[in-house]
Structures are given as structure tokens and as C-alpha cells.
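Keeping their order, the protein sequence lines are chains A and B.
Heads up: the first sequence begins at 0 in numbering that gives the first Met the number 0, then just goes up one per residue.
Heads up: the second sequence begins at 0 in numbering that gives the first Met the number 0, then just goes up one per residue.
Don't read these hints as lab results, they were simulated from the structure.
We treat Cβ as the ideally placed atom computed from N, Cα and C, and that holds for glycine.
There could be a bad hint or two in this list.
Derived Cβ-Cβ restraints for the label pairs, each shown as a range [stated by the list, open to error]: (1) A:ASP35 / B:ASN445: 31 to 37 Å; (2) A:ARG58 / B:GLU36: 41 to 47 Å; (3) B:GLY62 / A:ARG58: 34 to 40 Å; (4) B:THR266 / A:GLN50: 31 to 37 Å; (5) A:GLU32 / B:ASN244: 46 to 52 Å; (6) B:GLU11 / A:ASP35: 53 to 59 Å; (7) B:SER43 / A:VAL81: 58 to 64 Å; (8) A:LYS68 / B:ARG408: 15 to 21 Å; (9) A:ILE63 / B:GLU63: 43 to 49 Å; (10) B:SER15 / A:TYR33: 54 to 60 Å; (11) A:TYR33 / B:ASN50: 27 to 33 Å; (12) B:THR474 / A:GLU61: 48 to 54 Å; (13) A:LYS68 / B:PRO298: 53 to 59 Å; (14) B:THR266 / A:ALA83: 51 to 57 Å.
Here are the simulated BS3-like cross-link-like pairs (lysine-lysine), alpha carbons at most 25 Å apart as the crow flies [claimed, not checked]: (15) B:LYS412 / B:LYS91; (16) A:LYS74 / B:LYS91; (17) B:LYS85 / A:LYS74; (18) B:LYS279 / B:LYS256; (19) A:LYS29 / B:LYS371; (20) B:LYS393 / B:LYS279.
Far from chain B, by Cβ distances over 10 Å, these chain A residues were calculated [said to hold, decoys possible]: (21) ASP4; (22) GLY21; (23) PHE62; (24) PRO64.
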Amino acid sequence: MVDEDEIIRVAKLMKIDLEDHGEHVSRVKKMLEYFDILDQIDLSSEEITSQQKSLNELRKDEFIPYDKKLIESLKNFREHYVRAPKMN
Amino acid sequence: MNLNTSILKYIEDVKSGSFTVEEFTAATLQRIKDVDEAVHAYLSLNDSAINDAKKIDQKISSGEKIGQCYGFPISIKDNICITGTKTTCASKILENFIAPYTSTVVNHLQNEDAVITGKTNLDEFAMGLTTEFSAYGPTKNPWNLDYVPGGSSGGSAASVAANECLASLGSDTGGSVRNPASFCSVVGLKPTYGLISRYGLISYANSIEQIGPMTKTVKDSAFLLNIIAGQDANDDTTIDNDNANYLENIENGIEGKKIGIIKEMTTSDGLSSEVSAATKDAINDFESLGASCEEVTLPTIPYTVAAYYTITSTEAGSNLARYDNIRYGYEMDSEGYEYNSYISKSRTRFGPEVTRRIILGGFVPSAGHAGKYFLKALKVKSKLISEINSAFEKFDYLIAPTAPVQPFRFGEKIDDPVTLMLLDYNTVTANLTGKPAISVPYRISNGLPIGMQIMANSLQEKSLFQAAYALETKTKLPEVPL
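Start from the sequences and build out the full structure, keeping to the hints where you can.
In C-alpha cells form, the structure reads like this:
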């Protein structure tokens with residue numbers, strides 16, 4: 000059984016301000032309860048597989064000139080710094 | 000001017016001088032003006048569409064080299080970037096975001112002289128199956144405006160079905176091209192993972208999502224894939240397709256081919272009687288085309304929806320962490336906020352479904368829970384890949400209805416998250432395994448569409464189109480009543 004306080008704690012870590020706790024938490028809980036179906040399948044002999052690429056298949060690590068100053072499309076910057084709220 | 004035409008017929012007509020690109024573009028824009036207030040397929044329009052069309056006409060009249068598209072009008076899902084235009088992902092958090100670069104797919108289209116009509120509606124950040132989660136209001140199904148168009152590429156599908164363009168590009172993470180294609184009676188392709196560049200597609204779940212064409216005909220889908228597929232230095236997950244010509248031999252037929260009917264998808268509890276009946280008829284059609292059909296079981300399928308939502312939420316939680324309202328976002332004074340509380344407060348602009356997926360995406364891979372959810376989901380994915388690879392040793396194609404049900408009324412399923420998730424039941428397998436799958440319009444039953452899904456092995460799109468085309472020749476569908 001999933002603990003609702005745990006969902007609220009994770010939401011906070013994900014920087015989600017739960018203004019309407021009830022609705023989101025109960026729906027997330029319902030979804031997680033559905034995921035319990037994963038307990039019913041035998042995966043004991045299963046390995047996690049992933050696709051791999053070797054370094055020589057990757058794009059060369061080269062500087063590609065860009066004709067615009069991307070920072071200027073940000074809403075809040077000074078010189079070449081992004082402005083952010085103060086940290087405590 | 001008949002706007003209910005295919006890309007290939009349009010190109011013939013422009014070449015023969017039946018109409019100019021400008022005339023067709025103007026008629027398309029007029030159509031958008033006439034019907035889009037009701038359909039709401041578009042979030043924004045390309046103001047320079049007529050000028051773009053004029054330039055292509057000039058190229059044609061001056062004998063200059065002209066791109067393969069001859070100015071046919073195409074809409075683009077609003078999670079695909081075009082320089083200097085708004086790309087909102089149907090989210091309030093990107094309400095004013097102007098893309099600083101153009102996606103590879105749109106570059107290909109523009110290089111081949113397509114005319115972009117505008118950006119289409121979607122479920123916010125492509126998370127949903129009805130477009131009801133768009134922050135700018137839902138798109139309506141052109142077959143019946145009281146019904147959902149499917150999603151998340153619902154605006155794209157509706158724009159094609161309502162003759163507001165000849166084709167569209169959508170994106171498919173768990174069925175987001177095929178589901179609305181099925182609901183709106185258009186052709187929707189989810190290609191092999193890596194066949195189409197994702198550069199410029201705003202990320203949701205990178206490991207499984209793909210851009211896909213949405214068209215009126217199977218041949219148009221192949222034509223469009225010819226233009227947008229191929230390796231891209233800006234997306235290292237792309238694969239070499241040897242410049243395949245997907246239109247070549249498309250009429251070859253499927254005589255002697257072996258088709259597996261996926262048992263879990265054709266006998267599931269959620270399957271409606273209309274969809275079930277249509278599937279039986281489609282199987283008869285495939286047999287009459289000379290293919291042999293046999294039931295095949297893929298026992299992992301009942302676990303795929305849970306695995307899919309676990310994996311995609313995890314990736315979404317990570318991808319959407321960038322929306323902190325510092326680098327992107329809207330005006331919100333930081334006065335009175337500490338760094339973290341500012342970000343949390345600004346993120347309340349995410350809609351409800353995106354918020355839930357972010358929470359899930361934090362929960363399922365977290366230290367205490369990864370073993371129960373995320374790692375299991377990855378193993379389900381591996382098991383499913385083994386099963387489907389074995390099936391493709393025996394069969395050329397695997398088929399099932401694209402969606403277990405027909406379009407439904409707005410609000411009908413939005414309150415039940417599990418029912419909503421299960422709408423993906425027949426489509427997520429292609430995403431989790433990276434296999435190509437296409438939805439072909441098959442029937443209009445009680446005024447609402449039903450699509451059939453055909454899956455093939457990796458990079459077998461040419462063969463996939465042959466089967467899809469063969470099935471298409473067996474159908475005779477009415478025109479959209481709009």
C-alpha cells in the first residue's frame with residue numbers, strides 16, 4: 000500500500016507545490032496501485048537490456064558556431080549570466 | 000477547390016497547372032477560418048503561409064529547381080520547434096516560448112518546399128489520449144464534434160481529417176500518433192525508433208518517442224517518410240536507412256505473407272463489440288488478399304501499460320525539471336521567494352496530468368521504490384522485446400485494432416486515470432520494443448472511425464506500407480461530415 004505522505008514528500012522533491020493535495024495525490028495513488036500488476040509477472044530470469052553506441056559512432060566534439068546569442072532569448076539575464084531568485 | 004485530396008494527387012495537379020500553390024494554400028487557410036473555430040485543431044497559424052506559397056509558385060514558373068513537396072500544406076504538432084515561432088506544448092508554462100531553432104523534420108520539409116500551415120493542439124507536453132489535457136482547450140473530433148479526437152496528437156489528426164491541411168507531423172510516445180489517427184480516420188505511422196530525428200522535438204520520454212507522419216492515404220505516409228527519415232548528426236539515436244524509398248513496390252501486395260493476430264489485444268476485456276467485429280472483418284480482408292492469419296500470444300502484454308507509464312513518467316520527471324521559470328517561462332516576480340519556493344510556485348502552471356506524471360516520475364525510480372516499479376518496468380520491456388522478436392521469426396506482421404474502443408464523448412473517461420491509461424493497451428508495445436506500427440482507417444461505425452494497427456519488425460517500414468496499402472484498398476470510407 001502506497002503511503003500518501005510519501006507521495007507528498009516526493010512531490011515536494013520534484014518541486015511540485017500541491018495546492019490541491021487531495022485530487023493529485025489520490026489520482027497518483029490510483030495509478031501506483033495499478034502498477035502493482037508488475038508484481039504478478041515472473042521477471043526472475045530477465046536482465047535489463049540497453050542499446051549501446053561506441054564513442055566513434057558519436058558526433059565529433061567540435062564547436063559549431065551559432066549566429067544568435069541564445070541568452071538574449073531568456074526573459075531575465077545580465078551580461079552572460081542568467082538571473083535567478085536568491086538562495087537561502 | 001477540392002481540399003479532400005492526397006499529397007500525391009495534389010502534386011500531380013500543381014504540376015499539370017490545375018491550380019497554383021497560392022490558390023490551394025489560400026483555399027486551405029479559408030477552410031481553417033471556416034471550420035477551426037469549431038474543431039480547434041490549431042494553436043497558431045503561420046502568417047507567412049501565403050508568401051511561402053507565392054515563392055514556390057515563382058520557382059515553378061521560372062523553371063527553378065523545386066522541392067518534392069510542391070508547396071503542399073502541412074501542419075506541425077506544437078511540441079516541434081520552428082525558428083521564431085511559438086512552441087507551447089499546449090502548456091501555460093511555455094505560453095510565450097519562441098523556438099530559437101528549427102527541428103530537423105521541419106528543415107527537411109522546408110528544404111523540399113512544403114508550406115507550413117501552423118502548429119496543432121495536443122495534450123499538454125503530449126501526455127494524454129484525448130487532447131482534453133491541453134491548456135488551451137480540447138480539439139473536437141471532425142466526425143462528431145461532441146467526441147474526442149484522440150491524443151496526444153489530436154490537433155494534428157483533426158487538422159488532416161477536417162481538410163485543414165493535407166498532412167501533419169505528430170509525435171508518438173505510447174500511441175499519440177496512432178490513437179488520434181484511428182479516432183479521426185487518418186493514416187498514422189510510428190516508425191522504428193531512430194528512423195526519424197527527434198532534434199527539435201520537445202522531450203517527454205526520449206527512450207521511446209518518435210515523430211510520425213499523419214496523412215489521408217498510406218502512399219502519402221510513405222512519401223512523407225521519404226522526406227523526413229534518415230540519420231541526423233544532431234540526434235545520435237538516429238539510424239541509417241540507406242535512403243530507402245518507401246513508395247517503391249508499395250502496391251506489391253501481401254500474397255503469401257504471414258500475419259499474427261495478437262491474442263491479448265483482440266480479446267481484452269476493454270475491447271468494444273464494434274471494434275471486435277471490425278477486427279474480424281479486417282482479418283478476413285487480409286486473408287482475401289492472400290495472407291495467412293493465425294493467433295499469436297505475447298504473454299507480457301498485460302503488463303506493458305504499467306511498464307510504459309513507469310518508464311515514461313520517470314523520463315518526464317527528469318525532462319520537465321528544466322521548466323523552472325528561470326530559463327524558460329512567464330513573468331513572475333521573484334521578490335519574496337527563495338530559490339526553491341520560486342520554482343515550485345512557478346511550476347503550479349503545469350496542468351493536472353503533467354503535475355501527476357512529474358510526481359509519479361519522482362516516485363517510481365526513487366531509492367526506496369525503484370525495485371518495485373522502475374527496474375521491473377525495464378525488465379518487462381526486455382521480456383517484451385524477446386517475445387516480439389520471436390514472433391517476428393514466424394510472422395511478417397502483427398495486427399490488432401489500434402484502440403480498444405471508438406472515440407467517446409468529452410469528459411467520459413477523464414476522471415478515471417486507470418481507464419485512460421488502458422486506452423494505450425494496443426499501442427505501447429510498438430514504443431517499448433521500438434518496432435514500427437501504422438494505424439490504417441478501416442471503418443466508420445455509428446458515424447465514428449475505427450482504425451487497424453499493423454506492426455512489423457524493425458526497419459521493415461517498406462513491407463509495413465505494403466500491408467497497409469493492401470488493407471486500404473479493401474476499404475471505402477465516407478467523407479468527413481463537416
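Each hint, compared with the structure:
1. A:ASP35 / B:ASN445: 31 to 37 Å: holds (36 Å)
2. A:ARG58 / B:GLU36: 41 to 47 Å: About 45 Å separates the Cβ atoms of ARG58 of chain A and GLU36 of chain B, which means 41 to 47 Å holds.
3. B:GLY62 / A:ARG58: 34 to 40 Å: holds (38 Å)
4. B:THR266 / A:GLN50: 31 to 37 Å: holds (32 Å)
5. A:GLU32 / B:ASN244: 46 to 52 Å: Between GLU32 of chain A and ASN244 of chain B, where Cβ atoms are some 49 Å apart, the hint holds.
6. B:GLU11 / A:ASP35: 53 to 59 Å: holds (56 Å)
7. B:SER43 / A:VAL81: 58 to 64 Å: Roughly 27 Å apart at Cβ, these two residues miss the hinted range, so it is violated.
8. A:LYS68 / B:ARG408: 15 to 21 Å: violated (49 Å)
9. A:ILE63 / B:GLU63: 43 to 49 Å: At 30 Å between Cβs, range violated.
10. B:SER15 / A:TYR33: 54 to 60 Å: At 56 Å between Cβs, range holds.
11. A:TYR33 / B:ASN50: 27 to 33 Å: violated (51 Å)
12. B:THR474 / A:GLU61: 48 to 54 Å: holds (51 Å)
13. A:LYS68 / B:PRO298: 53 to 59 Å: Once the Cβ atoms are compared, 55 Å apart, the range 53 to 59 Å for PRO298 of chain B and LYS68 of chain A holds.
14. B:THR266 / A:ALA83: 51 to 57 Å: holds (54 Å)
15. B:LYS412 / B:LYS91: At roughly 23 Å apart (the allowed maximum being 25 Å), LYS91 of chain B and LYS412 of chain B satisfy the hint.
16. A:LYS74 / B:LYS91: OK: LYS74 of chain A and LYS91 of chain B at ~16 Å, within 25 Å.
17. B:LYS85 / A:LYS74: holds (15 Å)
18. B:LYS279 / B:LYS256: Holds - the C-alpha atoms of LYS256 of chain B and LYS279 of chain B are around 18 Å apart, at most 25 Å.
19. A:LYS29 / B:LYS371: holds (16 Å)
20. B:LYS393 / B:LYS279: holds (21 Å)
21. ASP4: holds (12 Å)
22. GLY21: Holds: least Cβ distance 12 Å, greater than 10 Å.
23. PHE62: holds (14 Å)
24. PRO64: Holds, because the least Cβ-Cβ distance between PRO64 of chain A and chain B comes to about 13 Å, which exceeds 10 Å.
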